[in-house]
Structure formats: structure tokens, C-alpha cells
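Protein chains: 2
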Amino acid sequence: MAGQDIENLIKQIAKLPALGSRSARRIVLYLLNKREAALTPIIESLQKVSENIKTCEICGNFDTSSPCPICTSNIRDDSLICVVRDVADLWAMERVSLFKGKYHVLGGVLSAMEGVVPEDLNIDALEKRIASGKVKELILALPATIDGQITSHYLLSRFKDSGVKITTLAQGIPMGAELDYMDEGTLQLALNSRKQL
Amino acid sequence: MAGQDIENLIKQIAKLPALGSRSARRIVLYLLNKREAALTPIIESLQKVSENIKTCEICGNFDTSSPCPICTSNIRDDSLICVVRDVADLWAMERVSLFKGKYHVLGGVLSAMEGVVPEDLNIDALEKRIASGKVKELILALPATIDGQITSHYLLSRFKDSGVKITTLAQGIPMGAELDYMDEGTLQLALNSRKQL
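Residue numbers (the numbering used here), protein chains in the order written: chain H, 1 to 197; chain X, 1001 to 1197.
There's no promise every hint is true.
Distance condition first, Cα-Cα at most 27 Å in a straight line; then the derived DSS-like pairs of lysine-lysine [claimed, not checked]: (1) H:K128 / H:K160; (2) H:K34 / H:K11; (3) H:K11 / X:K1136; (4) H:K11 / X:K1160; (5) X:K1136 / H:K15; (6) H:K48 / X:K1165; (7) H:K128 / X:K1034; (8) H:K11 / X:K1128; (9) H:K15 / X:K1160; (10) X:K1136 / X:K1165; (11) X:K1054 / X:K1034; (12) X:K1128 / H:K34; (13) H:K48 / H:K34; (14) X:K1011 / H:K34; (15) H:K11 / X:K1048; (16) H:K54 / H:K128; (17) X:K1034 / H:K54; (18) X:K1034 / H:K48; (19) H:K48 / X:K1011; (20) X:K1160 / X:K1136.
Everything labelled a hint here was simulated from the structure, so no lab data went into it.
Bound-form chain H, shown alone (with noise of 0.2 Å):
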């Protein structure tokens, strides 16, 4: 095999999320065939990136100002708060280009299994946040696995006093999904959640 510097960064690459050994060797034989047409490039923009990219000190978006673009918007709803386990949550959210109220980034869900307690998670700073008086609502984005509904339960039960209107997404049957495909949960979830039209 080859050098030491080879080997590591195979190593450091195959612990990123979606790849493993061998891919990460795929993609550091494609980085040292295409040098100057990836490789060059590529550490360019992983230090742009590593440099300017900053943490949003309110919300915890990640972007290159801080407080982020969504955060000092003036279009944009300061009394609707979107609560969301993560970045990559938040971009799903503004790829539909529907919400206009601005985020909320948790850093994560509750966990028994991974040992996450409150103090883990972005909760004081939304405390703060709705402390300030001008949230109306809070609206939990949370995954809908068992983690993520212990986190809106605990977030219920921390601001169900705050005078702030709490809500989550509507769950049920994804769009264009056929109903012998979806577990039995979504539909007993469904059939429980049904509305007359």
C-alpha cells in the first residue's frame, strides 16, 4: 500500500456519515488522479468553509455572518419560531420556500440511548428568545421518531407557561405514497387524525 499521508486521510474520510473503507479509498484515488481538476479545488473551498462559515449566535444556523441572513430579516416573521433538530433540517425547510418565520436549531433530540439530556440541546437560548415577548409561536419540526416526540413533549411541558402558542407538524400519509408500502404506525396515526372534507 502506500504512504502513511495516503492512509490517513483514507481513515479520516471513511468516518464521515455514508461512507466507509472502501469508498473512502475510491475517493482518494479520484482525488490524486484529478489533482488540479478536484483536488486542488477541493481543499480551497474546505478552508473558505473551515474560515468563514460561522456558527448564528441566535438561531445556530450555520452561515457566513452571524446572527445569520434568516435571523436579521425584516421580511420575515419574528413571532413564528420553527424549533428543528439540525442545520440539515433547516435547509429541508427552507427548500420548500414556504416558512417565512425564522429558526430555531436544537443541536439535537433527546436521548435515553445516547445519554442527550436538556443541558446537551440549544434550550436556554430559545427560553431567551421567548422570554424577549415577541414569539406567538413555536412551531416543533421535530423528527418523528421516538426521540424527537420525548423532545416536543419535554419543550411542551418547559413552555406550555410561556403564553406561547406550541404547535407541531401534521403527521400522516407522505404525498404520492401508496398505502401498502406504509408501516402500520403512519396509518393507525392516520386513520386516528382523519379529517372530513
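Please build the complex by placing chain X on the supplied structure of chain H, with the hints as guidance.
Quick look at chain X alone, frame taken from chain H:
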């Protein structure tokens, strides 16, 4: 969505083998979440590789030195050259730790579809190595695809009068395989090349 720097990085990572825009986004968010533990070390490793790794002037392998340790090794057999498509295949052969000759990396295989002609491959350098008179056997370890076979035949016809013995890897049923899952081409080949016990 976040700034242009992040978008550029996602686009570049999405072009890497085995990755798409979705996994590229996950990787970038992972790196931003773990700046000290992942982003900074990966930038450093990429830089090291970019600065230190050279293409071996003799065989085409990647290493910190050129000629590479395999080419300069005294305990490896100079008279035996294993011809491989790329460095990934060279590493695959080295993982077996059985072959004790030298290598020659072609940098691809002939392909009518992709317009790869002999001049695009590292064949002239191979011809020079053969002309030096040291080489006694050329082992063609090219992929068992149509393009790989065409390349093997091309090399055979080009070097058949050079006095060098030209061999190729055996083809047949791979270790541990169920006959039921083998394609017909492999079964036919294995039957035609059957051996007496």
C-alpha cells in the same frame, strides 16, 4: 440555504465517486458540526497528500517518493511485471501480499465507448521497460470486462514478438460463490476451462 461557500463545497463533494448531492450535504454539515475533530484534520491531511504524494515515474503508483518503494525494492522480482488498470487495482493486488514482482499502471483500459485509444494509456513506458531486457513475464491483471479483455489482446499483439512471456489472471468461479448466483458467462467459462483433479 446557507452561503455560496457551502454551496460550492457541496457541489464539489457531490462529484466524488459514490456520492450525490444528498450525501454531500450530510458530509458538509457533519464537518461543520465537528470542526476541530473532523474538518481541520481532513484539510491538513488533504494538504499533506496534495504536497507529498507523487506519481511513480516508473510504474505509475502513488507514493511519497518517485520511483516508489515497490520499484526500488531489492527483494522484489524485476523480471515479473503485473500490468493493472489503475492504482486501486495495484493496491488490491498488494493487499493479497502474494505477488512479489513489480507493477505497471496503465491508467485505464481501451474503450470504444469512452474513446480511450492506446496513446491515452501508459503503454509506451511499458514498452521501454520491456526493451530494457530485464523483463521475462508480463502478467495482465486487467478487469474481466469487454474493455479489459480488448486491452489484454491489444497488449498481447503489441508485445508478442518481444520475447516476453505474457500471461493473464485465471478466470472462473470466485471463492465461496454459490453456482446458483453465478452469471451464465462465468459458468460457461469455468466449464470450458475445467481442470483435472
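Pair hint K1054 of chain X and K1034 of chain X, alpha-carbon separation not exceeding 27 Å: Violated, at roughly 30 Å.
Pairwise hint evaluation, K15 of chain H against K1136 of chain X, where the allowed Cα distance is 27 Å at most: 43 Å, violated
Straight-line alpha-carbon gap K1011 of chain X to K34 of chain H, limit 27 Å: 16 Å, holds
Restraint check for K11 of chain H with K1048 of chain X, where alpha carbons must lie at most 27 Å apart: Holds, at about 14 Å.
Pair hint outcome, K1136 of chain X versus K1165 of chain X [Cα-Cα no greater than 27 Å]: 6 Å, holds
Restraint check for K1034 of chain X with K54 of chain H, where alpha carbons must lie at most 27 Å apart: Holds. K1034 of chain X to K54 of chain H sits at ~13 Å (cutoff 27 Å).
Given pair status - K1160 of chain X, K15 of chain H, alpha carbons within 27 Å: Violated, at roughly 47 Å.
27 Å limit on alpha-carbon distance, applied to hinted pair K128 of chain H and K1034 of chain X: 26 Å, holds
Pair hint outcome, K1160 of chain X versus K1136 of chain X [Cα-Cα no greater than 27 Å]: Distance ~12 Å between K1160 of chain X and K1136 of chain X Cα, so the pair holds.
Hinted pair K1034 of chain X and K48 of chain H, Cα distance within 27 Å: Holds, at about 16 Å.
Restraint check for K48 of chain H with K34 of chain H, where alpha carbons must lie at most 27 Å apart: 20 Å, holds
Hinted pair K11 of chain H and K1128 of chain X, Cα distance within 27 Å: Given that 27 Å is the threshold and the Cα spacing comes to 37 Å, the pair is violated.
When the structure is compared with the earlier hints, violations turn up for hints 3, 4, 5, 6, 8, 9, 11 and for no others.
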